[in-house]
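One line per chain: the protein sequences are A and B, in this order.
For the first sequence, this note's numbering assigns the number 2 to the initial residue and increments by one for each residue that follows.
For the second sequence, this note's numbering assigns the number -15 to the initial residue and increments by one for each residue that follows.
No lab work stands behind these hints, which were simulated from the structure alone.
Owing to the predicted nature of the structure, the values given are computational and were not obtained by experimental measurement.
Hints may contain errors.
Okay, derived cross-link-like pairs now, DSS-like style, lysine-lysine, Cα gap no bigger than 27 Å in a straight line [to be verified]:
#, chain 1, residue 1, chain 2, residue 2
1, B, K25, A, K101
2, A, K71, A, K57
3, A, K43, B, K24
4, B, K2, A, K3
5, B, K25, A, K43
6, A, K43, B, K3
7, A, K3, B, K24
8, A, K113, B, K25
9, A, K71, A, K113
10, B, K20, B, K3
11, A, K101, B, K24
12, A, K3, A, K101
13, B, K24, A, K113
14, B, K20, A, K43
15, B, K25, A, K68
16, A, K43, A, K3
17, B, K2, A, K43
18, A, K3, B, K25
19, A, K3, A, K113
20, A, K71, B, K3
21, A, K68, A, K57
22, B, K2, B, K25
23, A, K71, B, K2
24, A, K57, A, K3
25, A, K101, A, K57
26, B, K20, B, K6
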Amino acid sequence: QKEVEQDPGPLSVPEGAIVSLNCTYSNSAFQYFMWYRQYSRKGPELLMYTYSSGNKEDGRFTAQVDKSSKYISLFIRDSQPSDSATYLCAMSAAKAAGNKLTFGGGTRVLVKP
Amino acid sequence: ETGVTQTPRHLVMGMTNKKSLKCEQHLGHNAMYWYKQSAKKPLELMFVYSLEERVENNSVPSRFSPECPNSSHLFLHLHTLQPEDSALYLCASSQDFQDAEAFFGQGTRLTVV
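Work the whole structure out from these sequences, hints included.
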C-alpha cells in the first residue's frame, strides 16, 4: 500500500465548475500538508500549506485536512482553463524529522472552456 | 520565476557520458534538495543538504553524486547512467532543513540513450 494515495485522473470539468481533489494517507504522524500545482514541463508550484486539521482558504482555493480520517482535500471554485494542470498533494511528519515530503502521484485536471 | 533556477532545462546523454545538473536558489534558504520525478510515479526525494552539509541520502545509486559548495548552489553530477534514469530532476529549497514548505525549480528533463 502506498503511503499517500491520489487518483491520477484525468478529472475533466467545464469552466466555472468546482474542482474537488483529495488524497488519503496511512501515516498518522503526518502533520504538515501541502498542495502543489504542476503545469506540463514545469516544476511544482506551492499552492496551499496547512498544519494539522482544519480548513484554509486562499482566493479560489480551499484546503481541508481531516486527520481523524487521514484525508485531505483541495477545492478550486470558479475553475478556469488556466487551472488545467497536475495537482500534487504532499505531506510530512513533525518538523524534527526534517523536510521529508511524501508526495501523492498527482491528479491531472482539465478545465474545458 | 520561482526563485529556484535549474540548468540545463533539457539534457540528452549517453550511458558513458558525464554531465552535471545545476541548481541555484535566490531565496536565502538554508536547505536544498534533489528530487526525481519519473512518469507515473510520485516525486522521490534523493538528497537533502542543510547549510551545505548532506543530511539525507535516500539509497540513491552512486552514479548520482551531489555537491553543495554553498547554501545557494547545488549540483548533481551524473556518470554512467542507465536508460531507466531518464526522468525530470527537480531541485527545491526551504528556509531550513526542518521547514516543510519547499519551493521547486523548473526541473531538468534528462534522457539517457
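Here is how each hint holds up against the structure:
{"no.": "1", "hint": "B:K25 to A:K101", "verdict": "holds, 17 Å"}
{"no.": "2", "hint": "A:K71 to A:K57", "verdict": "holds, 17 Å"}
{"no.": "3", "hint": "A:K43 to B:K24", "verdict": "holds, 16 Å"}
{"no.": "4", "hint": "B:K2 to A:K3", "verdict": "violated, 34 Å"}
{"no.": "5", "hint": "B:K25 to A:K43", "verdict": "holds, 16 Å"}
{"no.": "6", "hint": "A:K43 to B:K3", "verdict": "holds, 21 Å"}
{"no.": "7", "hint": "A:K3 to B:K24", "verdict": "holds, 13 Å"}
{"no.": "8", "hint": "A:K113 to B:K25", "verdict": "holds, 26 Å"}
{"no.": "9", "hint": "A:K71 to A:K113", "verdict": "violated, 31 Å"}
{"no.": "10", "hint": "B:K20 to B:K3", "verdict": "holds, 16 Å"}
{"no.": "11", "hint": "A:K101 to B:K24", "verdict": "holds, 20 Å"}
{"no.": "12", "hint": "A:K3 to A:K101", "verdict": "holds, 16 Å"}
{"no.": "13", "hint": "B:K24 to A:K113", "verdict": "holds, 23 Å"}
{"no.": "14", "hint": "B:K20 to A:K43", "verdict": "holds, 13 Å"}
{"no.": "15", "hint": "B:K25 to A:K68", "verdict": "holds, 25 Å"}
{"no.": "16", "hint": "A:K43 to A:K3", "verdict": "holds, 25 Å"}
{"no.": "17", "hint": "B:K2 to A:K43", "verdict": "holds, 25 Å"}
{"no.": "18", "hint": "A:K3 to B:K25", "verdict": "holds, 11 Å"}
{"no.": "19", "hint": "A:K3 to A:K113", "verdict": "violated, 31 Å"}
{"no.": "20", "hint": "A:K71 to B:K3", "verdict": "violated, 42 Å"}
{"no.": "21", "hint": "A:K68 to A:K57", "verdict": "holds, 14 Å"}
{"no.": "22", "hint": "B:K2 to B:K25", "verdict": "holds, 26 Å"}
{"no.": "23", "hint": "A:K71 to B:K2", "verdict": "violated, 44 Å"}
{"no.": "24", "hint": "A:K57 to A:K3", "verdict": "holds, 26 Å"}
{"no.": "25", "hint": "A:K101 to A:K57", "verdict": "holds, 22 Å"}
{"no.": "26", "hint": "B:K20 to B:K6", "verdict": "holds, 14 Å"}
Violated hints, listed in ascending order, are 4, 9, 19, 20, 23; each of the other numbered hints is respected by the structure.
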